[in-house]
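S.K.: Modelling step: build the complete structure from the supplied sequences, incorporating the hints.
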Amino acid sequence: MASNSSGDESSRHQTARHRLSVIAGHLQRPTDRNAALLAVDCKAQGSKPNVNTSDRGEGRTVPRRRQEIMKWNGWGYSDSRFLFNKKGQAEFTGNRYRLSGMIIPGLKDWMEGTFGANLQHKTQATPVLNTSAVQPPTLNEAFVEELKSTGIPFSHEAEDRVFRAHGHCLHEIFALREGKIGRVPDMVVWPNCHNDVVKIVELACKHNVCLIPYGGGTSVSSALECPPEETRSIVSLDTSQMNRILWIDEKNLTAHVESGIVGQDLERLLNESGYCTGHEPDSMEFSSLGGWVATRASGMKKNIYGNIEDLVVHIKMVTPRGVIEKSCQGPRMSTGPDIHHFILGSEGTLGVVTEVTIKIRPMPEYQKYGSVVFPNFEQGVACLREVARQRCAPASIRLMDNEQFKFAHALKPQVSSIFTSFLDGLKKFYITKFKGFDPNRLCVATLLFEGPREKVLQHEKQVYDIAAKFGGLAAGEDNGQRGYMLTFVIAYLRDLGMDYYVIGESFETSVPWDRVLDICRNVKARIIRECKDKGVQFPPLSTCRVTQTYDAGACVYFYFAFNYRGLSDPVHVYEQVEHAAREEILANGGSLSHHHGVGKLRKEWMRETVSNVGVGMLKSVKDYVDPNNIFGNRNLL
Amino acid sequence: MANTYRVLDKVHLQDEEEFVDILEDKRHCSDLRFAFRTFSPPPYKGAPACSSAELNQAVLESQYLRYVINEVALEMGSSVEEVRDEACGIMREMSQNLQLRFIRLMGFVVRKVFKRIFSAIYVNMERLQALQQATQECPVILMPNHRSYIDFLVVSYILFNYDIPVPVIAAGIPLAGMKIVGEMLRRSGAFFIRRAIGSDKLYWAVLSEYVRTIVRKGFAPLEFFVEGLRSRTLKSLPPKLGMMNMILEPFFKGEVYDVTLLPISISYERVLEESLLAHELLGFPKPRESTAGLLKASRVLQENYGCMHVNFGRPLSARRLCEGKINRCQYNLTPRDLPQKPNAEAQACGSWLAHMIVRLQEEGALTSPWSLMACVLLQVPTAALTEEGLLFHQLTERTLWLRKLALDFRAHLNWPEKVPDSDVMSSTVALHRSVVYRKAGRVYLTRNDELEQKHSIEEDMMRTAAALLMLASYRNQCLHVFVRPALLALAMSVTKSTRKDELLTCFCFLQEVFSNEFVFIPGQSSQDFEEACSLLHKCKAVHVGQWEVTDSDTEPEVLSFLQELLKPFIESYQLMFRFLCEERDCVFREKDFLSGVRTLATKLIVSGELHTYEALSSDMQKNVLSSLRRLGAITKITTSQNNEYKVNKSAVRRTGDMLAGRIPPQIVQAAPDARL
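Same order as they appear, the protein sequences are chains U and P. Each residue of the first sequence is one higher than the one before, starting from 0 at the first, in numbering that gives the first Met the number 0. Each residue of the second sequence is one higher than the one before, starting from 0 at the first, in numbering that gives the first Met the number 0.
FYI, nobody ran anything at the bench for these hints, they're computed from the structure. Source: prediction; values computed, not measured. Just to be clear, a hint being listed does not mean it is correct.
What the hints assert, rightly or not - Chain U is nowhere near these chain P residues, computed Cβ spacing over 12 Å in every case:
| # | residue |
| --- | --- |
| 1 | His-145 |
| 2 | Leu-228 |
| 3 | Glu-547 |
| 4 | Arg-583 |
| 5 | Asn-647 |
To be verified - Stretch by stretch, here's where chain U covers chain P in the computed footprint (C-beta under 8 Å, at least three residues):
| # | segment |
| --- | --- |
| 6 | 253-259 |
| 7 | 328-337 |
Said to hold, decoys possible - Some but not every residue of chain U turned toward chain P, in silico, with C-beta under 7 Å:
| # | residue |
| --- | --- |
| 8 | Asp-517 |
| 9 | Asn-521 |
| 10 | Leu-585 |
| 11 | Ala-586 |
| 12 | Gly-588 |
Each residue gets a CB set at the ideal place from its N, CA and C atoms; glycine is no exception.
M.R.: This is the structure in structure tokens:
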């Protein structure tokens, strides 16, 4: 990241400061320790791009050469990772996160206890990319020639191409760690603005080149995988350099933003003007605005701000047929089916989203975490249901099951003071002994309130009162905050697991309220059963949480990981189990996906999900918009 | 069909499993101490137990019942409160009230009684451990066969014995009517279901919600008899599907992860109700279940009933069995609380499962020497048994021959080891002196009765009939071992053909005609046929080629024995077909049919034209009616008290002709199963 951390705490950042502490709360270290993240001027605005890699638009997280700051075969920043130090204690490196530089004493025992993992048994990932393993690019010379003349930067270096050939599905990362490289894009282009994209798409059409849009690369649906049957030259269209906020409309509270901007930059830049979008998907550090639109993303605070489809006011997308957009910014229109809904969730099959007008809100005045302990998961779900019924959900409310509660507990960093640990012990005693909660059944809801201070406090009381009716006990801000922190580091943890023969993944669904408990129980049980049947030696971690509430249902997340020692093809086993779990979800009335999307991973269920006619509708749109399948990632259909 | 549980691949459980006499180790310990033993079954998923009051409340407050109550109120024009009260009434009548102290009391009494009347109760212990494990994971459904009232007690008794949660048991409402005993059963976990529910919507709703709630809560195993009622003939009955559908629904709808089905085969060497059953079959009314009647029957407690085997089957996962047979997504679009008739797919699945359970019960049953002996005795002319007697050594010889055949057919025999065969034979005959007795090296039919004074020919015949029907019942206990090869043997004699396809057609036809007599898993006729071929091949009775099945000369006895085994059925069916065709009217009442057939059969037996007494069995008479109905040869025209039927004489005649081999059999398109 940027090294220009000079005394940059100018007064005009005052408003931004508070906002930052918000993100920092669950994302980063306290701001005063990491001023680097406070961006300086965005002087790159409108400037002509420079092929020189050193210039990459200051203040923006994502450089053209992503591999400079991010892992090529794992999650997130290269400097941040979990490891077991010489004393055998878990530690999180780097200085970007709250947890960075801390010792996590409970993690080792938890990993050994939960997975039967052993620190002696380590698998090394291939440290550097072996470029000779990468197929030489199939270039469409005519396309390349014409592209050169436009001045849009591009590359066909192996590292750049490999980086854009995958998302973060388990099988993708596992293969990279093993040094196995499949079909990768033949080149990468970095358009700098909408017009660049128009030119690229025109050229692609002209020369029949396959385009695969690439935003943040955080897909977990195999959406970025190059179809192996694709014979044309594949060009990855990386939007990361289209990352400017073009204007902010304070009268209508909207901002017009280029689609390549990643979540953390968007929030930070808006914060500087005292605004926010409030859209915070768990991947917001790396995922991009265009990606959110293309997958129908959902943010943790959707209860206040809405999901992406509620947030967008206007979308511009470049398709092989030309540019699609609405003529005005009316907040709602009755003009036939909403064309935005052809774009939202199109997963890069129709075109490239280039610019989005998105709603913004003044930054919240006050924010407060909280948590509630319930005697069991059933009570917890009942409470969330009641909160939804009364429509008083806080900005975020999530319910972890018992296994996940233990997991979160294991991630508690070492406390320095004896007093804190004494207090912790006391709390535990109170809940388990005095209140009689069974430590193997209790579960925790984490809460995040936002708004004017008074309202937050009032709201907090309302929610805690409801919780009390279901046997819930307030369990402090700390637990809540740690719960949210977990979301951002869990992906790093997977890399640690993979170092020790543990593989895992999360997947999600949405389901009507009356089925929440059933789906949680059945899917978890199915995972355990399938693992057993497939010869997994140790019982897997099979856990879930309810992460979003709606009027008519909830979003449920499942986490699933197991120790694969003794299996000859762990990824295949993993995939079979995930497949079975998805079947179970569907059989229990769950949806194919709440917000991850379909990609290629879940394509096989599309027809039964949206019916034959539905598939036909989508097909006919594709046939009209992109008859030559220029956007040939073959997602969705 | 990928059948995880290879129904056809029988396990030789004698080799594998140890049956333990549970009375043995207890005989020396005091009954009282037994009753007060600590009973601590491990809880279901760590969840707390559910009292019967909580259960009832959950049922009454369920969304489903509320919905039905409103609907019924609307239809009947009565107030919701009235209907709800009615529902509460139904609940009161139905609900169990399981209490540990009554289990203890029952344990005490049952133990005393069992020790008196049974010489041993054998249980396969290893399976009990599997069962205990299963009760902690999923709702468990115990599915015993039903041959005796004792069945109610014995499973609970065993589970109590081994720290497994005591089941709630579906029982018929007449039992509830018994003073004291009804209440005792209720408190030992029985809940009571009316016999003829018909279209009483509210009753169905309460019952089904009650059953589903038990399954959902899973606090105790649910025990029910998939055959629906006690088999009067000791033969498996075609399963009833209502209960089966109810217990599967929570799984289909995802309310539980899985349901564990546990077939249990209870085999009696001698059934307590044997003579009662025979008399019932002969048309003497069954005594009402009453406490006084029970006390009167206490003289049965003076006798010895030999030993009893309770064979717990392997726990079966409904989830695995239903894989690929049911699309659970079908429940996604309507609230699961709304009343919804199971669709064709779900019904077919339930039916298949229920039939399979019956088959597994049969496979788990133990065949006693007596049962084999009954097969032999029934093939001896009646006069020989009543007058001159059968040479004991002949009986022994034939029985031992049959034992070998049964073993070839993979039967589980309960043949005492390390005891000379002659001892086994004589002790068996001694145990069953109510049916046969041995005098001077010969065996005769026992014909003692209350009707001692008068000796008209008819009454004399009735006494013979009672004894023979008892004998037939004991034969029925082992029919399942022989039925498939026997049907093939029959098909061979009916068609006089050796071509496999013709034999298969005839085989299917016979299965269809006799589907009320013998239970076959629907849609598995060709597997049954293959099984029959391979069994007959194994005992060298036939040669099986790719296209042909031909007699072999090495074992001619086998085929003739098997054909003879089914003869009573063929003869009785033909008799009734003939009766129907000779009737003047095309419309008849069921009552008249039964008495008419009985008169005709009696006449023909006396005249020596009919050789089997089984045509006198009301059970068989009713089966003929059901069979003809299914084949479309008769139709029911009223559903009132007097069941009236309209007969299509030519269809009946044609069926008879096909059965006799006069015309080639065709597979009749059976009417949809109306047994639900």
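S.K.: Using 7 Å as the Cβ threshold, decide whether Asp-517 (chain U) counts as touching chain P.
M.R.: 5 Å, holds
S.K.: If you take the shortest Cβ to Cβ gap from Ala-586 (chain U) to chain P, is it below 7 Å?
M.R.: 4 Å, holds
S.K.: Per the stated criterion, does the least C-beta distance between Glu-547 (chain P) and chain U lie above 12 Å, as a non-interface residue requires?
M.R.: 42 Å, holds
S.K.: Can Gly-588 (chain U) be said to touch chain P, with a Cβ gap under 7 Å?
M.R.: Hint holds; Gly-588 (chain U) Cβ to chain P Cβ min 4 Å, cut 7 Å.
S.K.: Classify the hint on Leu-585 (chain U) as holds or violated, based on whether any CB of chain P lies nearer than 7 Å to its CB.
M.R.: At about 6 Å, which falls below the 7 Å cut-off, the nearest Cβ of chain P leaves the hint on Leu-585 (chain U) intact, so it holds.
S.K.: Far enough from chain U: is every CB of that chain over 12 Å from the CB of His-145 (chain P)?
M.R.: The claim stands: His-145 (chain P) keeps its Cβ more than 12 Å from every Cβ of chain U (closest is about 32 Å).
S.K.: With chain P as the partner, please determine if Asn-521 (chain U) meets the hint condition of a C-beta pair closer than 7 Å.
M.R.: 5 Å, holds
S.K.: Go check the segment 253-259 of chain P versus chain U for me, would you? Three or more residues, Cβ under 8 Å, otherwise it fails.
M.R.: holds (count 4)
S.K.: Are there three or more residues in the segment 328-337 of chain P whose C-beta lies within less than 8 Å of some C-beta in chain U?
M.R.: holds (count 6)
S.K.: Per the stated criterion, does the least C-beta distance between Leu-228 (chain P) and chain U lie above 12 Å, as a non-interface residue requires?
M.R.: Non-interface label on Leu-228 (chain P) holds, nearest chain U Cβ at 34 Å vs cutoff 12 Å.
S.K.: Any Cβ of chain U at or closer than 12 Å to Asn-647 (chain P), or is the non-interface label fine?
M.R.: Correct as stated: the minimum Cβ-Cβ distance to chain U is 45 Å, above 12 Å.
S.K.: Test the statement that Arg-583 (chain P) is away from the interface with chain U: the closest C-beta pair must be farther apart than 12 Å.
M.R.: 58 Å, holds
Checked against the numbered hints above, the structure violates none of them.
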